[in-house]
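Trainee: Protein chains in written order, with the working numbering: chain A, 1 to 299; chain B, 1 to 327.
For the record, the hints were derived by calculation from the structure and aren't laboratory data. One or more hints might be untrue.
As the list claims (entries may be wrong) - Heads up, simulated DSS-like pairs for lysine-lysine below, C-alpha to C-alpha not over 30 angstroms straight-line:
id: 1; chain 1: B; residue 1: Lys36; chain 2: A; residue 2: Lys196
id: 2; chain 1: A; residue 1: Lys66; chain 2: A; residue 2: Lys79
id: 3; chain 1: B; residue 1: Lys36; chain 2: A; residue 2: Lys112
Claimed, not checked - Label-pair restraints from in silico Cβ distances:
id: 4; chain 1: A; residue 1: Asn139; chain 2: B; residue 2: Asp215; range: 33 to 41 angstroms
id: 5; chain 1: B; residue 1: Val321; chain 2: A; residue 2: Ile141; range: 44 to 52 angstroms
id: 6; chain 1: A; residue 1: Phe283; chain 2: B; residue 2: Ile214; range: 39 to 47 angstroms
id: 7; chain 1: B; residue 1: Ser246; chain 2: A; residue 2: Asp72; range: 49 to 57 angstroms
id: 8; chain 1: B; residue 1: Leu249; chain 2: A; residue 2: Ile141; range: 37 to 45 angstroms
id: 9; chain 1: B; residue 1: Leu173; chain 2: A; residue 2: Arg50; range: 18 to 26 angstroms
id: 10; chain 1: A; residue 1: Leu83; chain 2: B; residue 2: Gly27; range: 17 to 25 angstroms
id: 11; chain 1: A; residue 1: Lys79; chain 2: B; residue 2: Gly27; range: 16 to 24 angstroms
id: 12; chain 1: A; residue 1: Lys13; chain 2: B; residue 2: Asp91; range: 56 to 64 angstroms
C-beta: ideal position from N, C-alpha, C; glycine also.
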Amino acid sequence: MPNKAFNATRSDKIFDICNIIFMAIVLIVTLYPFLNVLAISLNDSIDTVRGGITIWPRAFTFENYKTIFAYDTLLQGLKISILRTIVGAVLGLLSASMLAYTLSRPDFQARKFVSTFLAMTMYFSGGLIPGYILMRDLNLIGTFWVYVLPGLVSAFNVFIVRSFIDGLPYALQESAKLDGANDFTVYWRIILPLCKPVLATIALFLAVGQWNSWFDTYLYNGSNATWTTLQYELMKVLQSTQQGGGAINANDMAKQMAQISPESIKMAITIVVTVPILIVYPFLQKYFVSGMTLGAVKS
Amino acid sequence: MEALTPNTIPRSGQDTAKAPKRKRKRGFWSTVLQQKYLYLMSLPFVIWVFVFSYLPLWGWTMAFQNYKPARSFSEQKWVGFKYFQELFQDDRFYLVLRNTLAMSFMGLILGFVVPIFFAILLNELRGMFFKRFVQTVSYLPHFVSWVVVAGIITKMLSIDGGAVNQILMALHLTDEPIQFMAKGSWFWYIVTGSDVWKETGWNTIIYLAAITGIDPELYEASRVDGASRWRQMWHITLPGIRSTISVLLIMSIGHLISIGFEKQFLLGNNLVTDYSEVLDLYALNYGLNMGRFSYGTAIGIFNSVVSIILLFTANGIFKKVTKESIM
């Protein structure tokens, strides 16, 4: 930018060069591990044992991927992961936007109560064991719904959507009201379509959260192959062969895979787990940046 | 972010002022009837939140009972503070507390300083394309699960062919590969380092947004006065984002002790448990997995109480210093 460089001194130039070098190092440190994992996953598993793979496969093959996709457990995990991502994101979007709309209505009688009731949940949690006992009492353990239902309403998401709705012109709702629309119609026909940008942000947060979570599977469905998830299967494979032990409930699949060639298999599953996110997130970047900022600037 | 509580959102004056007045003339129930859709849209979720967020608090009573899963609530035997006494007499508890505090303080300091530093340097980059590219790449690890990150870190630090050991050997800093994952003394640094690697980029978003809000004329003026880039960063950028920094600092102090356990669970192994076990993990291993629900709950309560005390203390100090409050 010319106006910035109008009196660039020598020390400024040195600074710029150092800064660029620093950023280049950051890029390498961030990207290298991913490229390395990708290269190993595409490299012949016996060749990998020789070591020395950096960011390019030496003996290119898709064999590792064929191997892992031949396992039913992994395919089942993939299915459940996709299912929970979709169901969790859709239900989360509906709940956050509906609540946010009611809270954005200045005339809503219970507004203050609902808002405070919700805000409180950001400051405490019952903890691990009471949560577990609750799931047990609700008979949710060993079901799919244990992934979706507990986190359905997130106060943080509700408040992000609400501050977005607050920024919309109120006149839009008024005129719809005059045309005889009820509150639900206003929400569904007017508010929801206008909220697309903020809903994209929330959808990303919800989907990534669902896709990435593994601990609920470990805790509630650890021995239940029907509802296993991809992250959990990856966790088992990684932990079963980690140096120093630490194997947790390593089932047959994990053991079998580890015997074939731990390294390649681990890396191939890692890529399968990571790629969906890498594909989606650059497209949504402008949304989540504005979503995060929306929350931050207010505070 | 969490300051988005009801009172902080400015409403457009007109609507707020008129609407309640109009309603006040009606009775409570007729308003309910009139706003039935709003109630229908919010009450189910309120009940939801009550069940999944408030009901577990009821479970705290378990810590004061000799809880047996098969019995109903009225049949449980009350034991007072027995489990807390047991907890405070357990040597392992102090070890775990030390680990928790050590890792949270290291995480707090680095997780707080590094993003500020990084955001300021990013802001100084001149090529817009390069800047955007670095930003996009730096957000990436945030979206990847801890399972994957732990796998990657383990791989990078491994003794056979791990990138870190290879670099160290190439530079002749070490003669043989260091067993990073097997030495307890390394564990805290590994966890903190992984956290910095994963979250730094993401945490810059808010700072970058705050920097955009600084008046560009300040920079112009200082440049005319011959201020160097370092001086600009120190005297304009940093003071410009001071309020953002302090809000985020208080918030992270509030979360100091609830650092979670994913990292420790996934990066740890049997050789380093004396350094990797944190309060939540302790509750999981010695409470849930052994079926000692009461003992585990006591650990959880201790954790929550300490967090809340820390949050209020931090907020109190903040209020005194700046006359502002985030809660």
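Trainee: Looking back at the numbered hints, which does the structure fail to meet, lowest number first?
Mentor: 4, 6, 10, 11
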